[in-house]
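Enquirer: For reference, the chains in residue letters:
There are 2 protein chains.
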Amino acid sequence: MLDILKHRTLSKQYKDTLLKDVIPFWEQNSVDFENGGYYTCLDNTGNVFEKDKFMWLQGRQAWMFSMLYNKVETNEKWLEIAKNGIDFIVKNGMDAEGNFYFSTTEEGEALVQPYNIFSDCFAAMAFSQYAIASGDESIKKLAVDTYRSILKKKDNSKGIYEKSTGARPLKSFALPMILSNLVLELEDILPKEEVEKTIDFSIHEVMEVFLDKESGIIYEFVKPDGSLEDSFNGRLLNPGHGIEAMWFMIDIGIRRNDQSLIQKATDTILKILEYSWDSEFGGILYFMDAKGYPTQQLEWDQKLWWVHLETLVALAKAYEHTQREELLPWYQKVHDYSWSHFSDPENGEWYGYLNRQGEVLLDLKGGKWKGCFHVPRAMYQCWKSFENIESKL
Amino acid sequence: MLDILKHRTLSKQYKDTLLKDVIPFWEQNSVDFENGGYYTCLDNTGNVFEKDKFMWLQGRQAWMFSMLYNKVETNEKWLEIAKNGIDFIVKNGMDAEGNFYFSTTEEGEALVQPYNIFSDCFAAMAFSQYAIASGDESIKKLAVDTYRSILKKKDNSKGIYEKSTGARPLKSFALPMILSNLVLELEDILPKEEVEKTIDFSIHEVMEVFLDKESGIIYEFVKPDGSLEDSFNGRLLNPGHGIEAMWFMIDIGIRRNDQSLIQKATDTILKILEYSWDSEFGGILYFMDAKGYPTQQLEWDQKLWWVHLETLVALAKAYEHTQREELLPWYQKVHDYSWSHFSDPENGEWYGYLNRQGEVLLDLKGGKWKGCFHVPRAMYQCWKSFENIESKL
Numbered sequence: 001m002l003d004i005l006k007h008r009t010l011s012k013q014y015k016d017t018l019l020k021d022v023i024p025f026w027e028q029n030s031v032d033f034e035n036g037g038y039y040t041c042l043d044n045t046g047n048v049f050e051k052d053k054f055m056w057l058q059g060r061q062a063w064m065f066s067m068l069y070n071k072v073e074t075n076e077k078w079l080e081i082a083k084n085g086i087d088f089i090v091k092n093g094m095d096a097e098g099n100f101y102f103s104t105t106e107e108g109e110a111l112v113q114p115y116n117i118f119s120d121c122f123a124a125m126a127f128s129q130y131a132i133a134s135g136d137e138s139i140k141k142l143a144v145d146t147y148r149s150i151l152k153k154k155d156n157s158k159g160i161y162e163k164s165t166g167a168r169p170l171k172s173f174a175l176p177m178i179l180s181n182l183v184l185e186l187e188d189i190l191p192k193e194e195v196e197k198t199i200d201f202s203i204h205e206v207m208e209v210f211l212d213k214e215s216g217i218i219y220e221f222v223k224p225d226g227s228l229e230d231s232f233n234g235r236l237l238n239p240g241h242g243i244e245a246m247w248f249m250i251d252i253g254i255r256r257n258d259q260s261l262i263q264k265a266t267d268t269i270l271k272i273l274e275y276s277w278d279s280e281f282g283g284i285l286y287f288m289d290a291k292g293y294p295t296q297q298l299e300w301d302q303k304l305w306w307v308h309l310e311t312l313v314a315l316a317k318a319y320e321h322t323q324r325e326e327l328l329p330w331y332q333k334v335h336d337y338s339w340s341h342f343s344d345p346e347n348g349e350w351y352g353y354l355n356r357q358g359e360v361l362l363d364l365k366g367g368k369w370k371g372c373f374h375v376p377r378a379m380y381q382c383w384k385s386f387e388n389i390e391s392k393l
Numbered sequence: 001m002l003d004i005l006k007h008r009t010l011s012k013q014y015k016d017t018l019l020k021d022v023i024p025f026w027e028q029n030s031v032d033f034e035n036g037g038y039y040t041c042l043d044n045t046g047n048v049f050e051k052d053k054f055m056w057l058q059g060r061q062a063w064m065f066s067m068l069y070n071k072v073e074t075n076e077k078w079l080e081i082a083k084n085g086i087d088f089i090v091k092n093g094m095d096a097e098g099n100f101y102f103s104t105t106e107e108g109e110a111l112v113q114p115y116n117i118f119s120d121c122f123a124a125m126a127f128s129q130y131a132i133a134s135g136d137e138s139i140k141k142l143a144v145d146t147y148r149s150i151l152k153k154k155d156n157s158k159g160i161y162e163k164s165t166g167a168r169p170l171k172s173f174a175l176p177m178i179l180s181n182l183v184l185e186l187e188d189i190l191p192k193e194e195v196e197k198t199i200d201f202s203i204h205e206v207m208e209v210f211l212d213k214e215s216g217i218i219y220e221f222v223k224p225d226g227s228l229e230d231s232f233n234g235r236l237l238n239p240g241h242g243i244e245a246m247w248f249m250i251d252i253g254i255r256r257n258d259q260s261l262i263q264k265a266t267d268t269i270l271k272i273l274e275y276s277w278d279s280e281f282g283g284i285l286y287f288m289d290a291k292g293y294p295t296q297q298l299e300w301d302q303k304l305w306w307v308h309l310e311t312l313v314a315l316a317k318a319y320e321h322t323q324r325e326e327l328l329p330w331y332q333k334v335h336d337y338s339w340s341h342f343s344d345p346e347n348g349e350w351y352g353y354l355n356r357q358g359e360v361l362l363d364l365k366g367g368k369w370k371g372c373f374h375v376p377r378a379m380y381q382c383w384k385s386f387e388n389i390e391s392k393l
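Protein sequences appear in the order of chains A and B. For the first sequence, the positions run 1 to 393 when the UniProt record's numbering is used. For the second sequence, the positions run 1 to 393 when the UniProt record's numbering is used.
Just so you know, not all the hints are guaranteed correct.
Because identical chains cannot be distinguished in the list, a pair is counted as satisfied if it fits within a single copy or across any two copies.
Claimed, not checked - DSBU-like cross-link-like pairs, simulated, lysine-lysine; straight-line CA separation at most 30 Å:
#1 Lys392 - Lys223
#2 Lys223 - Lys264
#3 Lys91 - Lys223
#4 Lys223 - Lys51
#5 Lys158 - Lys140
#6 Lys223 - Lys15
Please keep in mind that the hints were generated in silico from the structure rather than gathered at the bench. Note that the coordinates shown come from a computational prediction; the quantities given were computed from them, not determined experimentally.
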């Protein structure tokens, strides 16, 4: 067993970082009580360098503070911060058909049209957690409506902004992946049979369609019949995505008491890690080509915060529920890399973007795509997993 | 004066690389005589690793071989290669309204809709040069029609694929920049007053609107009234773009015998170079934020082939027409960096993408955005400039 496990300090490390470092950073620097919503473009000490508001991150932060209120402590300040985001999204985030804009100005004027269904997904998550926290029935209804709208749009998620002709359609892993998490988030407010149906769909798509039987790893895009396409998109691997989806599968496995799903998800975490670990500089690569060809993505070799944090969660959960010893050296490796490269105890929060060599590439703690989400969610998940693991040592 | 100038070998270096290295690489590896058009995704030795065809690069390569036929040698093989691209574009590249798709399959089935007006721009350039080379009147008409269609669409160039709401409009430097080059390309087939009008428009937009008076550098986006916006896009600098546009301005200055335009373009080249040269690792940065904030672009610190080649052209042309001595140390610096990092005499052509440290990031000679264009065009331009410079030594 690992020394860091034996010392029983991991749960405390994650809990303290969550509650004494990460959450205070966002409480102090991001909340815009004047216009509503949250600033997310924060430099390394927390100064706002760009005021536009991105709906992905508005939803994610409102979800985060609602979740902390529901699961950690009924802290009224957290509920107030959650409400500040929810009100902004309700007032400014939606078009007349209930689609969610991609971004707005600081004041809430729409800037970028609803071309991206993930804005809707994170809004639905936020509405659901906030409805539980606040008991607000109108927000609960909005959560259900948004969820149904997502299901209706899911096969043409970009709508009129879709640039593909349809001549060579591919389906995307991101959607069943997010649905597998979203449906558990909305479990309490949806009819049981609807929940089970979406879970069945997600497990099938993630574990039977996008998980390639031959290689044991997850592809980002497959043909409608599930076969692989030899093209830039068809060869694309996003290791962090695949690993994150595996902890969603473990959550479903726990809920359904399905040990074989948990074992298969664990196998997949290990396969993807072996495939994507950068043996030269350490860390997990952002994008790869399944055939080893050059990727379209110029940022392929960078090391991203969320990839590493979701991997820590996946490894912790997998170990918590399987006790497979082979997970531990990987946990130690990813732990050492992540805590020594991304965290910034001096200024708070974690850096988001490192170059291949592990040096800070963008000197920021939040931006257009990085908000109050992956860091605190992973801190919470690892805290709880290690609490459980440590209690059984 | 520089030693490399005194030796009178630069024109030969560029000419030989063009005719004995770069053009043979594309002749041998890219032409698809079976389906028409060109493969552009070529690995470091020239093997095709992806067969989709990208309209930007179809137009650019057809233009390149037509231009070589018109300006270097009436080599029938070059005309045949140009025709192979032109026929493919005419047959497969346009929708019913004469807009150009972004990409097609190898066989020519449209894959990505015409969301990008630069496909149209490079097609128009190709049609014009090919019409001159072949005397084909139908292609000449197509060049004029395409040019007029571009002018008609230029204020809403993404059409129905525009995702901005219009709440905070910005105009883009790329369009007046490309028009300033395109109009000279089409000079022989357009009415004189139309040419002069577009040149006037381009000079005004590039040198009075996007060139910031205070800093002396070019911004990528400005507000409709020409003022700067404090936002991700409003702060964005693309040094290679600015420098490339300056040699388009020098070409216009030569044509109009406008020494003050040539001097101002030269000043701007020097300003942008001072601003964007990476003093730590050498080379010119890809993107910068005018206020020094983190960019949206994760690839901001990479070193790209076209940035460096267009800078060599700009410096050579500026020296050819001003003889300003301060250009020479910069030429030497960019020359040394570019030839030692991007060129690959063993396998032919130049690499496209280096990391900040100057190491090869993508092991390819062509891709989705890199085709038979910037390398050979720069080789031709530098050959001709240095021939002229050397003749006067």
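Enquirer: How would you classify Lys91 and Lys223 at a CA-CA limit of 30 Å: within, between, both, or neither?
Expert: Between copies only: 27 Å across chains, 39 Å inside a chain, cut-off 30 Å.
Enquirer: Tell me, please, which holds for Lys158 and Lys140 at an alpha-carbon limit of 30 Å: within, between, both or neither?
Expert: For Lys158 and Lys140, only the intra-copy Cα distance (25 Å) is at most 30 Å; the inter-copy one is 38 Å.
Enquirer: Go through the copies and call it for Lys392 and Lys223: within, between, both or neither, with a Cα cutoff of 30 Å.
Expert: The answer is neither: 45 Å in one copy and 62 Å across copies each exceed 30 Å.
Enquirer: Measure nothing new, just compare the shortest in-copy and cross-copy C-alpha distances for Lys223 and Lys51 to 30 Å and report within, between, both or neither.
Expert: For Lys223 and Lys51, only the inter-copy Cα distance (17 Å) is at most 30 Å; the intra-copy one is 39 Å.
Enquirer: For Lys223 vs Lys15, is the C-alpha pair at or below 30 Å within one copy, between two copies, both, or neither?
Expert: So Lys223 and Lys15 fail the 30 Å test inside a copy (42 Å) and across (46 Å) alike.
Enquirer: Tell me, please, which holds for Lys223 and Lys264 at an alpha-carbon limit of 30 Å: within, between, both or neither?
Expert: Classified as within; 23 Å inside a copy, 54 Å across copies.
Of the numbered hints given earlier, the model fails hints 1 and 6; all others are met.
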